[in-house]
Amino acid sequence: MSQVTITKCFVLHALHNLNNSEWSFDKNLAVFGKCFRLHGHDFKFELSLRGTPDPISGFVYPPEMLESIINKYIMEPYSGKNLNDFFSNPSGEGLVVEFYNIFKEHLGEAVVSMGLQETLKNYFSYPK
Amino acid sequence: MSQNPHQNSGHRQNAIVTIARKVHFSSGHRYFNSRLSDEENKKIFGKHYSTHGHGHNFTLEGYFNGPINPESGLVINLIEIDQLLKKVSDPFDHHFINTDVPYFKDVVPTTENIATYLYKELKKELKNPGVQLLKVRLYEGDTFWVDVQ
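Chains as they are written, first to last, in my numbering: chain A, 1 to 128; chain B, 1 to 149.
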């Protein structure tokens, strides 16, 4: 049986603003523009895992276990929250790296990438 | 002298281009392994295990690559791709996979297994020399998908 890549999406409704705490207000405003204001998104994340479907269940990873890991490590701590309270400058670029590492820690080598559709116009992914 | 807008710049001659096309189908399936007890099936498949199964809208995307034919300007004719995608997906459309697709009589029809099967079927059916099947992506609804390549 050959390896396949599965991708599970989840939507995180949360707040953030882009900022560098070492910069002045004016410099933050000049660099980040409207993104410097506190705002929110329906952050649509895409978690990709690679593996061989289990010969008995047919799953690369049991879907209910995957959902409970997403709930435990992402939805419960961050849903409806201000992401700046947890991550410094939680840009889309920063969030895909942070979340990739969270899943890597709990799901191991199977994790191949983290994608984020922040808005219809912005998409980020890590590490490729 | 103005440049002929239709002339081939030469850049296309060695270009390998990927073309993707999708087809939709709707199916029923049941997560159930006949070699296991009721208890074991419940343990493995959880809420996905039931005696009657459930259904989804699936989208199958085929990614093909190859050189651009200098005469037609195409990698592969869309009509040919549509016929291929329809041929492999038709046995699933408005069918109950466990009972209606023979391969899944003893194989659990998870999206992972269906995608792998469709990849192999597409590869088998693609008779166009010079065009390769690069990847298959199978969406189950719009929040879960499987890539096989």
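Keep in mind that the hints were calculated from the coordinates and are not lab data. Only a predicted model underlies this, so the values are computations on that prediction, with no experimental measurement involved. Idealized CB from N, CA, C, for every residue including glycine. Mixed in with the good hints there might be a few duds.
[Said to hold, decoys possible] Computed cross-link-like contacts, SDA-like style, restricted to lysine to any residue with a CA-CA straight-line distance of at most 20 Å: (1) B:Lys-135 with B:Lys-43; (2) B:Lys-135 with A:Glu-46; (3) A:Lys-8 with B:Lys-127; (4) B:Lys-43 with A:Gln-3; (5) A:Lys-8 with B:Leu-74; (6) A:Lys-44 with B:Phe-144; (7) A:Lys-34 with A:Asn-82; (8) B:Lys-127 with B:Leu-74; (9) B:Lys-42 with A:Ile-56; (10) B:Lys-42 with A:Tyr-61; (11) A:Lys-8 with B:Lys-123; (12) B:Lys-123 with A:Gln-3; (13) A:Lys-128 with B:Gly-141.
[To be verified] Example chain A residues on the side facing chain B (calculated, C-beta under 7 Å, incomplete): (14) Leu-49; (15) Pro-55; (16) Ser-57; (17) Leu-66; (18) Glu-67; (19) Ser-68; (20) Ile-69.
[Said to hold, decoys possible] Just the calculated beta-carbon pair ranges, DEER-fashion: (21) B:Ile-16 with A:Asn-122: 50 to 56 Å; (22) B:Arg-35 with A:Ser-88: 40 to 46 Å; (23) B:Thr-18 with A:Trp-23: 38 to 44 Å; (24) B:Pro-102 with A:Gln-3: 40 to 46 Å; (25) A:His-106 with B:Lys-123: 31 to 37 Å; (26) B:Ile-16 with A:Tyr-123: 48 to 54 Å; (27) B:Ile-16 with A:Asp-85: 29 to 35 Å; (28) B:Asn-69 with A:Phe-87: 31 to 37 Å; (29) B:Pro-102 with A:Gly-51: 22 to 28 Å.
Hint by hint, here is what the structure shows:
1. B:Lys-135 with B:Lys-43: The given pair, whose Cα atoms are some 33 Å apart, is violated under the 20 Å limit.
2. B:Lys-135 with A:Glu-46: 18 Å, holds
3. A:Lys-8 with B:Lys-127: Judged against 20 Å, a Cα distance of about 33 Å means the pair is violated.
4. B:Lys-43 with A:Gln-3: 24 Å, violated
5. A:Lys-8 with B:Leu-74: With a Cα-Cα distance of about 34 Å, the restraint between Lys-8 of chain A and Leu-74 of chain B is violated, given a limit of 20 Å.
6. A:Lys-44 with B:Phe-144: Cα-Cα ~12 Å, so holds.
7. A:Lys-34 with A:Asn-82: Holds, at roughly 17 Å.
8. B:Lys-127 with B:Leu-74: Holds. Lys-127 of chain B to Leu-74 of chain B sits at ~16 Å (cutoff 20 Å).
9. B:Lys-42 with A:Ile-56: 13 Å, holds
10. B:Lys-42 with A:Tyr-61: 16 Å, holds
11. A:Lys-8 with B:Lys-123: Outside the cut-off at roughly 26 Å; violated.
12. B:Lys-123 with A:Gln-3: Holds - the C-alpha atoms of Gln-3 of chain A and Lys-123 of chain B are around 16 Å apart, at most 20 Å.
13. A:Lys-128 with B:Gly-141: With a Cα-Cα distance of about 24 Å, the restraint between Lys-128 of chain A and Gly-141 of chain B is violated, given a limit of 20 Å.
14. Leu-49: Violated, about 10 Å.
15. Pro-55: Violated, because the Cβ-Cβ distance from Pro-55 of chain A to chain B comes to roughly 9 Å (cut-off 7 Å).
16. Ser-57: 5 Å, holds
17. Leu-66: 10 Å, violated
18. Glu-67: 10 Å, violated
19. Ser-68: 10 Å, violated
20. Ile-69: It is violated, given that the least Cβ distance between Ile-69 of chain A and chain B is near 14 Å, above 7 Å.
21. B:Ile-16 with A:Asn-122: 50 to 56 Å: Because 29 Å falls outside the window, the suggested range is violated.
22. B:Arg-35 with A:Ser-88: 40 to 46 Å: Roughly 52 Å apart at Cβ, these two residues miss the hinted range, so it is violated.
23. B:Thr-18 with A:Trp-23: 38 to 44 Å: 42 Å, holds
24. B:Pro-102 with A:Gln-3: 40 to 46 Å: The hinted range 40 to 46 Å is violated for Pro-102 of chain B and Gln-3 of chain A, with Cβ atoms some 25 Å apart.
25. A:His-106 with B:Lys-123: 31 to 37 Å: Given about 35 Å between the Cβ atoms, the range holds.
26. B:Ile-16 with A:Tyr-123: 48 to 54 Å: 24 Å, violated
27. B:Ile-16 with A:Asp-85: 29 to 35 Å: 48 Å, violated
28. B:Asn-69 with A:Phe-87: 31 to 37 Å: Given about 50 Å between the Cβ atoms, the range is violated.
29. B:Pro-102 with A:Gly-51: 22 to 28 Å: 26 Å, holds
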